[in-house]
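Combine the two chains into a complex, taking the hints into account.
Those protein sequence lines, which keep their order, are chains A and B.
The first sequence maps to residues 239 to 377 in this note's numbering.
The second sequence maps to residues 25 to 407 in this note's numbering.
Derived by calculation from the structure, the hints in this document are not laboratory data.
Quantities reported herein were computed from a predicted structural model and do not represent experimental measurements.
Hints are not guaranteed to be accurate.
Pairs of lysine-lysine residues, derived as DSS-like cross-links and limited to a Cα-Cα distance of at most 25 Å, are as follows [what the hints assert, rightly or not]:
(1) 136/B / 328/A
(2) 135/B / 362/A
(3) 135/B / 328/A
(4) 232/B / 328/A
(5) 173/B / 333/A
(6) 388/B / 289/B
(7) 136/B / 324/A
(8) 324/A / 178/B
(9) 216/B / 255/B
Read off the chains here:
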Amino acid sequence: MTAKILIFSCNWDGWSCIDSAANEGLGYPASVNIIKLTCLSSLNSGFILKAFENGADGVMLLGCKNQQCQYGQFNESIEKEYNKAKDIIKMLGVKGDRIMLARMEPFDGRGFIEQLNGFLHEIKNLAVPAGAQKGTDKP
Amino acid sequence: MSELKDIIRQTKAQFCLDCGKCTAVCPVSRYDPQFSPRLIVRKALRHPEKIYSDRNIWSCIGCNMCTIRCNYNVDYVDFIRYLRMKSREHGMEPVYSHSGVTESVMHLMGKKEVQQDRLDWIPQDINISSSTDTAFFVGCSPYFDTIFKDIGVKSTDSSIGAMRLLNRAGIAYTVLANERCCGHDLILSGDKDGFINLGQANIEELNKRGIKKIITSCPECYYTLKVDYAKFFNDWHIEVQHLTEVPEIYKITVKPSESGKARTKVTFQDSCKLGRHFKKYDEPRNMLRTLADAELIEMEYNRDSAVCCGANPWMFCGSVNKQIQDERLRQAGATGADFLVTSCPKCQIHLTCAQGSAGQAGEKIKIVDIYHLISETALKEND
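Excised from the complex, chain B in its bound form (with noise of 0.2 Å):
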């Protein structure tokens, strides 16, 4: 039991007061009366024998809700994370969503041998450069449009918007035709092989083509390649960069419209990852007032207390994250916004799944990508 040991330690959860502000602030606490944060803790430091079997310990979405309203600190979803690898490695394994197509294409890509062929929606006139150290990381966007086509979300309009924008503000980028996945749900669901596969064959890609510098749309990607391969890669040194850390984007200038109003009226949903992860809630709003030329109006959740779009790892999808969503979408459709805007592709797809399956009774907002939004309205009126 040493090892549960250490990660207790390192995830500093010995210091739990047991005050249960976490369960408090924990959206699957508030449908899901069996799990509790604070009693998985508990759990694991009173009876560490009996938490791998717990089936509570795969319910967590990973939003970091709990860990920034500790007073202690207590790294929730890397303690999760942790608890989960050991608990595969008693046997476990999570029921997957979707019947696990997401899982299977990112072993699948992790093998070394894979050579794909995923580059083909790149639309003609977008500049990609061959003679630079910059690479613009896509992600699984290629992926997500042929798997979540029945539910009508296309993911590679927001790595189009985002080239787009990266070409309009000057950026010489490349992309690899043989990018793999970067790993983020792997490792959260606590695959650590698989993780691991996918990062040696990114990291040799990686250091073929020479490349110095990532830049990345996707808030998971840039968690993943910026803390997660330096803890994991001892000889990752590659510079990661968020578009929304661009300087370069924010000189763009968009001239306003005629009528002196803002083009739309838009709310914008902040991604766990890109908001309580890395506190970045005025960049993706900067964008959106000045870029897309929007109105915003901020749902009663915002910024730091945002709710999560429900469901992470693609695993566990239930009525639990169903009505996370269902909560989501109608403090969006309360705004009375034309656009529920996103900046996480899963923010897009598990909403935009979450309202065709609420049917008739769904809310009715339009769930659209920042940086499509951005590329699509006012950035092309001003080509």
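Next up, chain A with everything else stripped away, as it sits in the complex (with noise of 0.2 Å):
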């Protein structure tokens, strides 16, 4: 089965690259679902954690390189938000790098869906899900 991922994608450079992707007729699975947004540096930890709540084995982060950020507030605060999901999916004794952070050139189709694969490849890998699909441990 292919693993579940939710990329969070920013409204520049990381859309542009899923963009090219598709103009390029390059695929990837139907498993990977994405939710843009305005800027990376909208996004808390707790909508990471949401994520794997709902069942998302792995979590990628999709935005512009270093000091390409439109609104230039780019590593300040999704690093802080991206570590802070780290700390706490470790705390929770979810096993291997669920969250990924990948910054992009702008309209880079081809390397968003190489590393996209890659992080498929690496949780498909591990043997532990991160979490049951919701509503299966209900009481």
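Encoded structure:
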């Protein structure tokens, strides 16, 4: 079974890569879902954890390269939340790197697909699932 | 609607006389004119069909101020809790603070297959026994450390202080590597399913380890394990003790400082659960006087009139909550004490957060946890 991945993508360079991949006819599995944000800095660790709570196996944060953020705040905010979510996931005993922060050059469709496939492959090799499906553990 | 009738009967809401004492003392009503405990009860009694969609039922911070003032003992906090449960069944959901990170952590912890890795903060010098049936219930402090790193609060310092105190008092205890959150915030925000998941996972873990007694330093864990677990789980039979109830703690002797004066001047923030729910006002104060060798200066409102830290189950934190927190910080600042001492990790987080967001205008009083203060000052000097 293919791993379930949720991508939070910024509206700028991150989204342009997904767009380019589509234009070049490069595909990715249907288990990958994308949520478009104005900027990754609007993302909070709570949303990343919510994805795991709802059964995601991995979360990818797709944004602009350093210093290329349209709003000039890429570094401070997202790295803080990314590290926070990683620490919490580790404390919850989830094995492996399940959150990936990918900073892309604009319109690099091929690069995006390579990164995504690498991430999918990495997660597939992890024996333990990140979380059971929502609803299966209700009393 | 028969279920609402049951809730009304259970919490004695039908005895409400409309006298308005609850509203007069409610810290939320003071800053939010729309909110009134009395009017919520009246609406539930007269227009039950409208109550579940009422936004006001999510504003209560559960401080219990109204209940202790009520002449007819209407259990308002329980009433609100049931209304929230029913409201969720009708499709309503609260707005979580911190983008729901605490809620997600609690839900993820509630999953059966979780094997946490949460004890790496415990220092080497703390003595943990593996052959005892008493457990120290840590609570969510390791997670709070990560979540609230930005505001500069370290909740595990409180747990470390409490564990050192227990060591010093000669109480043997173990800690559980896979302890879950007690579920206090989920049940208060009406998420019964999430609470049951956490409770069942905890009971399974405690039974597996053969635990007969729990000691905890967190007032909310204490309330939930002692009162709510007994209410919601038929097989709950574990004795629960708060750290302030351990008699051996008071036998620890601390030499007075050489100058004969108290080492520090402090003011104490009563936690809603330890104070108004369990009436433990003197125990933490005695601890501060004898173990921390501190001079206690009371705030204008203290003991059963103590103002709540302002935001209870990690939701709807807004300007009203900030105003309550500012009010409390101003009262603490006016005492001229060196420290504002808290006994609940959440009081420490909320008041520190309010202090940070007030910036230069905020009160500069240093906020510190009671067990951390004790273990780092007088107790350390008496090693």
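Checked hints:
1. 136/B / 328/A: holds, 17 Å
2. 135/B / 362/A: holds, 21 Å
3. 135/B / 328/A: Within the cut-off at roughly 15 Å; holds.
4. 232/B / 328/A: This hinted pair holds, its Cα atoms lying about 24 Å apart.
5. 173/B / 333/A: Measuring from Cα to Cα gives roughly 23 Å; hence the hint holds.
6. 388/B / 289/B: holds, 15 Å
7. 136/B / 324/A: holds, 21 Å
8. 324/A / 178/B: holds, 18 Å
9. 216/B / 255/B: holds, 12 Å
The earlier numbered hints are all upheld by this structure, with none contradicted.
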